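The residues making up each chain are set out below.
2 protein chains.
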Amino acid sequence: MILSSRMERLQNTELLMLMELASSKDIISFAGGFPSPDAFPAKEMALATQEVFKHSSKEALQYASTSGFEPLRQLIADRTNKKQNMTLNLEEILITSGSQQSLDMFGKLLLDEGDIVLCESPSYIGAINAFNAYQPEFIEVTTAEDGINIESLKNILSLKGKDIRMIYVIPDFQNPTGRVWSLEKRKAFMAVMSAYEIPIIEDMAYYDLAYEELDRPTLSSLDKKGQVVSLGTFSKIFCPGLRIGWIQASRLILDQIRLLKPNMDLSSSSIAQRQIYQYMMMYDLEAHIEKVNGIYKRRRDLMLDIIEGEFPKGIQYMKPKGGLFTWVEMPRGKDAKVLLELALKEKVAFVPGNSFFPKSNVPESMRINFSCMDDSKLEKGGKILGAIMHRFLEG
Amino acid sequence: MILSSRMERLQNTELLMLMELASSKDIISFAGGFPSPDAFPAKEMALATQEVFKHSSKEALQYASTSGFEPLRQLIADRTNKKQNMTLNLEEILITSGSQQSLDMFGKLLLDEGDIVLCESPSYIGAINAFNAYQPEFIEVTTAEDGINIESLKNILSLKGKDIRMIYVIPDFQNPTGRVWSLEKRKAFMAVMSAYEIPIIEDMAYYDLAYEELDRPTLSSLDKKGQVVSLGTFSKIFCPGLRIGWIQASRLILDQIRLLKPNMDLSSSSIAQRQIYQYMMMYDLEAHIEKVNGIYKRRRDLMLDIIEGEFPKGIQYMKPKGGLFTWVEMPRGKDAKVLLELALKEKVAFVPGNSFFPKSNVPESMRINFSCMDDSKLEKGGKILGAIMHRFLEG
Chain A
253 MILSSRMERL
263 QNTELLMLME
273 LASSKDIISF
283 AGGFPSPDAF
293 PAKEMALATQ
303 EVFKHSSKEA
313 LQYASTSGFE
323 PLRQLIADRT
333 NKKQNMTLNL
343 EEILITSGSQ
353 QSLDMFGKLL
363 LDEGDIVLCE
373 SPSYIGAINA
383 FNAYQPEFIE
393 VTTAEDGINI
403 ESLKNILSLK
413 GKDIRMIYVI
423 PDFQNPTGRV
433 WSLEKRKAFM
443 AVMSAYEIPI
453 IEDMAYYDLA
463 YEELDRPTLS
473 SLDKKGQVVS
483 LGTFSKIFCP
493 GLRIGWIQAS
503 RLILDQIRLL
513 KPNMDLSSSS
523 IAQRQIYQYM
533 MMYDLEAHIE
543 KVNGIYKRRR
553 DLMLDIIEGE
563 FPKGIQYMKP
573 KGGLFTWVEM
583 PRGKDAKVLL
593 ELALKEKVAF
603 VPGNSFFPKS
613 NVPESMRINF
623 SCMDDSKLEK
633 GGKILGAIMH
643 RFLEG
Chain B
253 MILSSRMERL
263 QNTELLMLME
273 LASSKDIISF
283 AGGFPSPDAF
293 PAKEMALATQ
303 EVFKHSSKEA
313 LQYASTSGFE
323 PLRQLIADRT
333 NKKQNMTLNL
343 EEILITSGSQ
353 QSLDMFGKLL
363 LDEGDIVLCE
373 SPSYIGAINA
383 FNAYQPEFIE
393 VTTAEDGINI
403 ESLKNILSLK
413 GKDIRMIYVI
423 PDFQNPTGRV
433 WSLEKRKAFM
443 AVMSAYEIPI
453 IEDMAYYDLA
463 YEELDRPTLS
473 SLDKKGQVVS
483 LGTFSKIFCP
493 GLRIGWIQAS
503 RLILDQIRLL
513 KPNMDLSSSS
523 IAQRQIYQYM
533 MMYDLEAHIE
543 KVNGIYKRRR
553 DLMLDIIEGE
563 FPKGIQYMKP
573 KGGLFTWVEM
583 PRGKDAKVLL
593 ELALKEKVAF
603 VPGNSFFPKS
613 NVPESMRINF
623 SCMDDSKLEK
633 GGKILGAIMH
643 RFLEG
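Residue numbers (the working numbering), protein chains in the order written: chain A, 253 to 647; chain B, 253 to 647.
For reference, chain A alone in the conformation it holds in the complex:
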């Protein structure tokens, strides 16, 4: 068997092996990015599902259309219009099998080998790997706590603009850092980008997981020329087990996506689309998100207390205003992979941050998830990890 050349880029088995270890039952894990199962509306979903079977079992068990279940597309458009003061219609929404599929689609749609992708530094590893399958070159745009560095962006665009095929950004509570872009950054970014015909992929996976009031118009709401593609998902605000996300984009772009989707999975799950639709008709999704945010905000506060109290003083860390992650940087010269090996021996895990940089080398960084564990586990794991870091940094 001869493998395609793209597979050379995807053989990151060292990290996979560590993550395999991290997922075993007896590990206290800060490694995942999973939403908390305590927050799933299980009873409501059971009832919503009964309604789906009662009223549309045949349609629910058949293939869905390429673009997705129209009433769900309409609800998503309505919701976005209300939250972002926009005027989308359902033709600008296409349902996908989760946001990860959307990322794969845009790699497929836009990238030939050697084409340039711009991204934040660091960025979501799942996006980097999805794009990697199409063998592009990445250029990282330096990114500060308040968002992407506009001067750095301008320089790269002026040097490489014609070879850049997309820019991928996560302006809201980014995976992995927890960063949120300021209003000024959002505006400045769109002002700069609008001079180019480069598609902007805006990943909104964490958009609704805000624990503080912030003025955060989406990039698509600031877009005057149909340049922004926004990727949404029910995974973090609702339930990932259904594997339903969406693409919000111009009809022109969605027409191209419709040429790809049938070849990738024929259609997204019909029943899952109807389950979510039915839930949204019977219950208040926004109230559910508020409840979820209450849980995560408390865990974030606890995590930050633990870091403040238990982690060594020599580290730097992010105080995220939303999302599921915080980001820790140890002093230069320290390698988080070595730290992880020590931590796993004491049954604690996290993700070394270096994997989130497609090009740069920042081995001292780590991503810490705080959404998945109850208070006592967070505290216990935090204390153990803090003690290990003390020994590691002082050693």
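These are calculated hints, taken from the structure and not from any lab test. Since we're looking at a predicted model, the values are computed, not measured. Careful, some of the hints might be misleading.
A pair counts as met if it fits within one copy or between any two copies, since identical chains are not told apart.
[As the list claims (entries may be wrong)] Straight line, CA to CA, 30 Å or less: simulated DSSO-like cross-link-like pairs of lysine-lysine:
| id | residue 1 | residue 2 |
| --- | --- | --- |
| 1 | 611 | 277 |
| 2 | 437 | 629 |
| 3 | 277 | 476 |
| 4 | 295 | 310 |
| 5 | 543 | 306 |
| 6 | 295 | 306 |
| 7 | 635 | 310 |
| 8 | 414 | 335 |
| 9 | 549 | 629 |
Starting from the known structure of chain A, fit chain B onto it as the hints suggest.
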């Protein structure tokens, strides 16, 4: 926006537009490949789903693992072992989001631009398009009613063997022709192929939809060196709305697939996997398949009666022993696309067969689906289509 070069191959919008027309409500359509919704076990699935919510709602609504829900993988392995007299274990089964995703995965895994893919002539359009995204060259192996032409295969292998990256075949009730490979062809094929290290992708989507007793060992059951990858799906034998299929392959191959799947959709639907598992534990899937086959066999018989009675004598057609399709060839020089335009004016649709050939030009061919309509619709549509064909061939 600059599109990737692969998109040039996927702009088959003419057929898409015709198919769009064919899917409108008032059309009698022989075009689809959908299983019959009358055959879905809706009540049983509703009850199985209630059980899933009762006993494992949190796991069902969370992400699944990359390889899929272990108890379901075990059931699939057990079922295959029983039917094919094999000794698979669950490590040789990986769950996918339907068989179409499996095809996309093998394109991604094996194909660089210009690599050669062998396939039957004609072959499944969804596979051709899935592979097309990775820009290979196709070579069609001529195929007779009893299966692939072994001499033609030998010639191609001796000329091009080292550039061939996979061979894709559908030995059982093929989409689009309804062909089934004879036992002799299966054995001869494996004997020839075993001299090469070329992966064999065996599409089993229609394997269980048999309306006559035939000796049909799967290629994987004849495989002595881990060369065959078998793609299974619940879509045709059960319900496509769940989007669950599987890959049966060596661990070595599945290890590579595990590097791709997270980048494509993170995981397949957790709840859908558990729904199918629960159904299989509570009910008898084989009895359900028998029931479905009873329905489809009757429709096949009716369809063949209609063709015999209503279609012009100058055509050739397949008498399929299973599956969802028959294949019609008009005399040379007649174009099924022109016929489709005439048929659509009288509210009847089918798929012109030419799209199923990646290279050859066979405009006189047509694919006729018989699984999706009740008797009266089949008869009415068949009479209309027959009358149009009479005029078309005599005109």
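Status of the hints after comparison with the structure:
no. : hint        : verdict
1   : 611 <-> 277 : neither (33 Å within a copy, 52 Å between copies)
2   : 437 <-> 629 : neither (37 Å within a copy, 60 Å between copies)
3   : 277 <-> 476 : neither (49 Å within a copy, 37 Å between copies)
4   : 295 <-> 310 : both (23 Å within a copy, 10 Å between copies)
5   : 543 <-> 306 : both (29 Å within a copy, 23 Å between copies)
6   : 295 <-> 306 : both (17 Å within a copy, 9 Å between copies)
7   : 635 <-> 310 : between (53 Å within a copy, 28 Å between copies)
8   : 414 <-> 335 : neither (34 Å within a copy, 57 Å between copies)
9   : 549 <-> 629 : within (16 Å within a copy, 58 Å between copies)
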